[in-house]
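Based on the sequences and whatever the hints tell you, model everything.
Protein chains: 2
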Amino acid sequence: MAKYQDIAEELKQKILRNEYERNTTIPSEFKLQEIYNVSRHTIRQAIAVLVNEGYLRKEKGSGTYVDDRYKTEKMMQNRNKTIGVITTYLSDYIFPSIIRGIENELRKYGYSLLLASTNNDHELEKECLEKMIDYGVDGLIVEPTKSSQYNPNLALYVRLREQIPMVMINAVYEELNASYICLDDVKVGFMAAEHLIRKGHQHLLFITKIDDLQGKYRMKGFISACERYNVHFLPEDVITFTTETRKTIIGKTLQRLKEKPELSGIICYNDQIASLLVDELTENGYQIPEDLSIMGTDDSSLSQIGNKKLTTLTHPKEKLGSDAADWIVKTIEEGNAQPNILYEPVLVERDSVKEK
Amino acid sequence: MAKYQDIAEELKQKILRNEYERNTTIPSEFKLQEIYNVSRHTIRQAIAVLVNEGYLRKEKGSGTYVDDRYKTEKMMQNRNKTIGVITTYLSDYIFPSIIRGIENELRKYGYSLLLASTNNDHELEKECLEKMIDYGVDGLIVEPTKSSQYNPNLALYVRLREQIPMVMINAVYEELNASYICLDDVKVGFMAAEHLIRKGHQHLLFITKIDDLQGKYRMKGFISACERYNVHFLPEDVITFTTETRKTIIGKTLQRLKEKPELSGIICYNDQIASLLVDELTENGYQIPEDLSIMGTDDSSLSQIGNKKLTTLTHPKEKLGSDAADWIVKTIEEGNAQPNILYEPVLVERDSVKEK
DNA sequence: TTCAATTTGTTCGTATGTATC
DNA sequence: GGATACATACGAACAAATTGA
Chain X
1 MAKYQDIAEE
11 LKQKILRNEY
21 ERNTTIPSEF
31 KLQEIYNVSR
41 HTIRQAIAVL
51 VNEGYLRKEK
61 GSGTYVDDRY
71 KTEKMMQNRN
81 KTIGVITTYL
91 SDYIFPSIIR
101 GIENELRKYG
111 YSLLLASTNN
121 DHELEKECLE
131 KMIDYGVDGL
141 IVEPTKSSQY
151 NPNLALYVRL
161 REQIPMVMIN
171 AVYEELNASY
181 ICLDDVKVGF
191 MAAEHLIRKG
201 HQHLLFITKI
211 DDLQGKYRMK
221 GFISACERYN
231 VHFLPEDVIT
241 FTTETRKTII
251 GKTLQRLKEK
261 PELSGIICYN
271 DQIASLLVDE
281 LTENGYQIPE
291 DLSIMGTDDS
301 SLSQIGNKKL
311 TTLTHPKEKL
321 GSDAADWIVK
331 TIEEGNAQPN
341 ILYEPVLVER
351 DSVKEK
Chain Z
1 MAKYQDIAEE
11 LKQKILRNEY
21 ERNTTIPSEF
31 KLQEIYNVSR
41 HTIRQAIAVL
51 VNEGYLRKEK
61 GSGTYVDDRY
71 KTEKMMQNRN
81 KTIGVITTYL
91 SDYIFPSIIR
101 GIENELRKYG
111 YSLLLASTNN
121 DHELEKECLE
131 KMIDYGVDGL
141 IVEPTKSSQY
151 NPNLALYVRL
161 REQIPMVMIN
171 AVYEELNASY
181 ICLDDVKVGF
191 MAAEHLIRKG
201 HQHLLFITKI
211 DDLQGKYRMK
221 GFISACERYN
231 VHFLPEDVIT
241 FTTETRKTII
251 GKTLQRLKEK
261 PELSGIICYN
271 DQIASLLVDE
281 LTENGYQIPE
291 DLSIMGTDDS
301 SLSQIGNKKL
311 TTLTHPKEKL
321 GSDAADWIVK
331 TIEEGNAQPN
341 ILYEPVLVER
351 DSVKEK
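Listed in order, the protein sequences are those of chains X and Z.
If you read the first sequence in this note's numbering, its first letter stands for residue 1, the second for the next number, and so on.
If you read the second sequence in this note's numbering, its first letter stands for residue 1, the second for the next number, and so on.
Take these hints with a grain of salt, some might be off.
[Claimed, not checked] Pair by pair, the computed Cβ-Cβ distance ranges are:
1. X:K356 to Z:E344: 49 to 59 Å
2. X:E290 to Z:E175: 57 to 67 Å
3. X:Q304 to Z:E344: 51 to 61 Å
4. Z:E174 to X:R350: 25 to 35 Å
5. X:Q287 to Z:E174: 52 to 62 Å
6. Z:R161 to X:G136: 24 to 34 Å
7. Z:E355 to X:T248: 33 to 43 Å
8. Z:E227 to X:R22: 56 to 66 Å
[What the hints assert, rightly or not] Mimicking PhoX-like on lysine-lysine, the simulated pairs with C-alpha atoms at most 25 Å apart in a straight line are:
9. Z:K81 to Z:K60
10. X:K71 to X:K58
11. X:K126 to Z:K81
12. X:K58 to Z:K108
13. X:K126 to Z:K58
14. Z:K108 to Z:K260
15. X:K71 to Z:K126
16. Z:K309 to X:K309
17. X:K252 to X:K220
No wet-lab data here; the hints were simulated from the structure.
For clarity, every value in this text was computed on a predicted model and none was experimentally measured.
Here a beta-carbon is modelled for each residue, glycine too, at the ideal position from N, C-alpha and C.
Pasting the structure below:
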């Protein structure tokens with residue numbers, strides 16, 4: 001260790017032990033030179049180190065003062081421990097639960113949560129990602145925006161992933177080969193169809209969202225269940241929608257029900273659609289579940305609130321959030337990626353499905 | 001300007017103009033000494049400045065290299081434009097809407113949102129506040145935790161307010177004299193009671209939360225309406241609860257209704273309680289609104305979902321969030337505090353109240 | 001107001017040690 | 001091993017700012 005470093009260390013200790021008070025001068029260069037019995041230059045080097053680290057401040061003609069800039073500089077460095085969370089929506093449906101799960105878990109680890117939402121729009125997604133990069137978050141939890149469509153921000157994602165750990169929730173861009181924590185949506189579709197089929201329903205209507213992968217996978221599961229149980233359906237028996245065309249569902253469904261009266265079971269993309277549909281169908285004279293059996297998915301609070309409690313499939317929600325937080329913190333602190341998680345849905349039988 | 005500073009400045013310009021490429025050496029100290037015709041010591045001082053600022057990196061025995069650490073250091077300084085948001089809850093009731101309002105508005109201004117929740121617990125509130133201080137957020141939006149009780153964190157709040165702008169939403173600690181953006185809760189209580197009284201109800205039950213100020217103010221409004229319209233009530237006609245004793249409400253209410261059958265109107269602390277109560281009362285054989293008129297408040301989604309659509313009073317929710325975001329950004333950027341906001345509730349008549 | 005003492009700022013010179021290529 | 005380049009250390013002098021008598 002060099003002399004000037006020894007002296008710097010000793011001075012630093014004295015400052016930290018409050019032997020020199022804040023905003024008071026330390027001995028002059030000349031005195032220190034005598035105290036430590038070295039050249040003035042060596043003293044100046046030692047002082048330069050501490051000025052640099054924010055422990056001292058020099059004033060020409062006056063003296064060298066004890067400073068506490070180092071405290072704020074420490075904080076600057078310590079301002080890590082922040083996880084960025086990007087979701088499509090914030091306040092709707094199951095998202096608040098997921099975010100709560102993340103927040104609760106991050107708090108346990110002493111991490112903070114930087115939040116942004118994309119409103120399911122690629123432009124906003126880009127802004128969010130750039131903000132997160134600028135910010136220097138230590139990890140990212142992302143719910144993909146319009147996951148089934150081509151994503152113009154893939155290059156950004158790749159760049160981000162090289163720099164910090166990232167995990168996707170609810171879905172994962174197929175091109176990206178990223179880590180994920182998701183519900184097994186194929187199984188969701190399969191089990192929903194299977195349940196209705198086992199209850200004797202042979203003519204099913206499937207309503208699904210096609211701008212995200214959840215919808216695509218649930219449809220895949222639906223189709224595979226139909227094949228397995230030899231249930232036939234027409235292309236018209238699958239009603240699709242996107243974020244932008246959500247409002248057209250009710251009309252399409254009512255029309256299809258008129259065209260094909262033997263339809264007795266409807267599988268909805270989620271409880272939100274199911275809940276809406278139950279209300280609208282009831283107003284249009286259908287009895288649920290006597291005339292039509294309806295399945296939601298996600299076991300959201302909506303499924304227990306309405307006039308008819310919905311038969312549905314579970315979504316881990318808060319658990320998914322806390323697992324995602326867990327994943328990201330462990331990956332950061334242990335340095336290697338944790339395993340992916342795929343949750344199995346569980347059937348929740350309530351009042352919207354009836355044996356035929 | 002000192003020689004070494006001139007030299008440092010000139011070198012810096014050359015680096016910024018890419019005359020020295022990244023990760024290549026600049027001329028050695030000896031050569032620079034000849035170029036600028038100064039002593040080696042002066043050269044060393046100039047170089048020390050740039051090393052410190054992140055433009056250069058020295059490698060013993062090899063040379064002095066052009067570095068770009070300064071870029072990341074610039075970002076560090078630029079890491080402002082973040083607003084901390086502390087609420088009691090994240091995922092429940094009207095909070096998601098408020099947070100969405102904040103997030104949407106902050107995004108427009110290019111600010112980020114750092115989120116934390118207290119679960120209505122003072123210990124966690126303290127942790128949140130300290131995290132925010134450490135973090136160096138530029139402003140704070142706080143929903144008070146247990147606002148009607150003594151708050152052990154007041155000193156922290158005072159310290160914070162001295163450093164950065166802060167605005168409270170939904171309620172404000174009475175001791176703190178802070179800026180606020182709130183619903184006029186006295187008026188909420190008053191209007192709820194007034195509406196039932198005008199509908200002919202003379203015997204009212206009031207259910208309110210007493211660990212936050214919203215509940216206290218709403219009760220104040222209730223009392224003042226009763227006095228104004230000469231409606232009498234007994235102490236037992238006010239049922240109070242706290243975060244911890246929420247579950248006891250139903251039992252207490254059912255008992256009180258038995259004790260005093262002439263009770264015909266119930267005012268609930270909010271839609272959450274009202275919605276729960278409607279369900280429980282229905283199960284216990286009461287007809288809503290034939291036997292009992294029930295008022296919620298906040299006009300939450302719950303008021304439109306259940307079996308009975310609730311008559312309720314508006315809460316600005318998302319508007320409150322965006323106004324809070326607006327307040328904090330303007331206060332930061334214009335330097336002086338914006339005016340407080342107090343929203344007037346508006347009556348929303350639905351199906352849970354009937355003329356007597 | 002002035003002036004002298006004190007303190008840091010800047011520059012020059014020199015020598016030796018140590019890591020890299 | 002030798003040349004090169006940075007690291008550490010000591011000595012000396014003058015400049016510029018501050019402070020207090």
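Cross-check of the supplied hints:
no., hint, result
1, X:K356 to Z:E344: 49 to 59 Å, "holds, 53 Å"
2, X:E290 to Z:E175: 57 to 67 Å, "holds, 60 Å"
3, X:Q304 to Z:E344: 51 to 61 Å, "violated, 34 Å"
4, Z:E174 to X:R350: 25 to 35 Å, "violated, 46 Å"
5, X:Q287 to Z:E174: 52 to 62 Å, "holds, 54 Å"
6, Z:R161 to X:G136: 24 to 34 Å, "holds, 27 Å"
7, Z:E355 to X:T248: 33 to 43 Å, "holds, 40 Å"
8, Z:E227 to X:R22: 56 to 66 Å, "holds, 58 Å"
9, Z:K81 to Z:K60, "violated, 40 Å"
10, X:K71 to X:K58, "holds, 17 Å"
11, X:K126 to Z:K81, "holds, 18 Å"
12, X:K58 to Z:K108, "violated, 43 Å"
13, X:K126 to Z:K58, "violated, 37 Å"
14, Z:K108 to Z:K260, "violated, 54 Å"
15, X:K71 to Z:K126, "holds, 20 Å"
16, Z:K309 to X:K309, "holds, 16 Å"
17, X:K252 to X:K220, "holds, 21 Å"
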